[in-house]
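Peer 1: Given chain A's structure and the hints, the job is docking chain B onto it.
Residue-level listing of the chains:
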Amino acid sequence: RKEVEQDPGPFNVPEGATVAFNCTYSNSASQSFFWYRQDCRKEPKLLMSVYSSGNEDGRFTAQLNRASQYISLLIRDSKLSDSATYLCVLSPRVTDKLIFGTGTRLQVFP
Amino acid sequence: GAGVSQTPSNKVTEKGKYVELRCDPISGHTALYWYRQSLGQGPEFLIYFQGTGAADDSGLPNDRFFAVRPEGSVSTLKIQRTERGDSAVYLCASSRGLAGQDEQFFGPGTRLTVL
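Residue numbers (the numbering used here), protein chains in the order written: chain A, 1 to 110; chain B, 1001 to 1115.
Chain A extracted, bound-state conformation (with noise of 0.2 Å):
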């Protein structure tokens, strides 16, 4: 079983849809989490970090649930510009290394 499960997609919506991606992971002794995006043929790039309290960025909102061991990230109003792949990141301990889902890839039309 891998560490961090994801949806690879891909989303297609429409502009000004909201969007939900969800991931689980095995490991309970996880300590961080974060979602990063990545474009094509680019580095992944930290979108925000995700806390059990949840945490909002614009139109970004993120969760964790340590019981269920699972992490969500919702996307309202979506943008073109949101197309992207959206990685679901854990790291066994601060400043360790990241263990990555595969992806899930989110494609916003016109």
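No wet-lab data here; the hints were simulated from the structure.
Values in this document were obtained by computation on a predicted structure and should not be read as measured data.
Mixed in with the good hints, there may be bad ones.
Under the rule of at most 30 Å between Cα atoms (straight-line distance), these lysine-lysine pairs were calculated in the BS3-like manner [stated by the list, open to error]:
hint	chain 1	residue 1	chain 2	residue 2
1	B	Lys1078	A	Lys42
2	B	Lys1017	A	Lys79
3	B	Lys1078	A	Lys45
4	A	Lys45	A	Lys79
5	B	Lys1011	B	Lys1078
6	A	Lys45	A	Lys2
7	A	Lys2	A	Lys42
8	A	Lys42	B	Lys1015
9	B	Lys1078	A	Lys2
10	B	Lys1017	B	Lys1078
11	A	Lys79	A	Lys42
12	B	Lys1015	B	Lys1078
13	A	Lys42	B	Lys1011
14	A	Lys42	B	Lys1017
Peer 2: Using the frame of chain A, we list chain B on its own:
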């Protein structure tokens, strides 16, 4: 400021050859990571340096892979007797190496193709 840089951006080699991939981290970052990303997959951890020493090399797939960071800055990933299965994008990342939510910044990667 300058981000993480990697050279070469592309490398094509023949099976059995030796290759070196270079990473220049962000100035002052003490932690440096190597990852490998195959098509359709997320990046996969290879090795992590804190300063000059390899703090975790558990992701290196076999003894053909080796990495060094002799002066605690630039790092080189070395692959001996390359195989077609080594073809991937090799990503380097660096961070401040401090405790807490320490963001890793990625370089653009080296696309390795083994023919």
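Peer 1: Given the hint that lysine 45/A pairs with lysine 79/A, does the C-alpha gap stay at or below 30 Å?
Peer 2: OK: lysine 45/A and lysine 79/A at ~18 Å, within 30 Å.
Peer 1: Below or equal to 30 Å on CA atoms is what counts here, so check lysine 1017/B against lysine 79/A.
Peer 2: It is violated: about 45 Å lies between the C-alpha atoms, which goes past 30 Å.
Peer 1: Does lysine 1078/B lie within 30 Å of lysine 1011/B when you go C-alpha to C-alpha?
Peer 2: holds (13 Å)
Peer 1: What's the verdict on lysine 42/A and lysine 1011/B, does the C-alpha distance respect the 30 Å limit or exceed it?
Peer 2: holds (16 Å)
Peer 1: Given the hinted pair lysine 45/A and lysine 2/A, is their alpha-carbon gap at most 30 Å?
Peer 2: holds (22 Å)
Peer 1: When you check the alpha-carbon spacing of lysine 79/A and lysine 42/A, does it fall within 30 Å?
Peer 2: Roughly 19 Å between the alpha carbons, so the hint for lysine 79/A and lysine 42/A holds.
Peer 1: Mind checking the alpha carbons of lysine 1015/B and lysine 1078/B for me, to see if they're no more than 30 Å apart?
Peer 2: With a Cα-Cα distance of about 14 Å, the restraint between lysine 1015/B and lysine 1078/B holds, given a limit of 30 Å.
Peer 1: With a cut-off of 30 Å on the C-alpha distance, tell me whether lysine 1078/B and lysine 42/A pass.
Peer 2: holds (22 Å)
Peer 1: Take a quick look at whether lysine 42/A and lysine 1015/B sit within 30 Å of each other, Cα to Cα.
Peer 2: holds (26 Å)
Peer 1: Tell me if the straight-line CA distance from lysine 2/A to lysine 42/A falls inside 30 Å.
Peer 2: holds (24 Å)
Peer 1: Is lysine 1078/B close enough to lysine 2/A, meaning Cα to Cα at most 30 Å?
Peer 2: Cα-Cα ~27 Å, so holds.
Peer 1: Holds or violated: lysine 1078/B and lysine 45/A, Cα atoms, limit 30 Å.
Peer 2: holds (25 Å)
Taken one by one, the earlier hints fail for this structure only at number 2.
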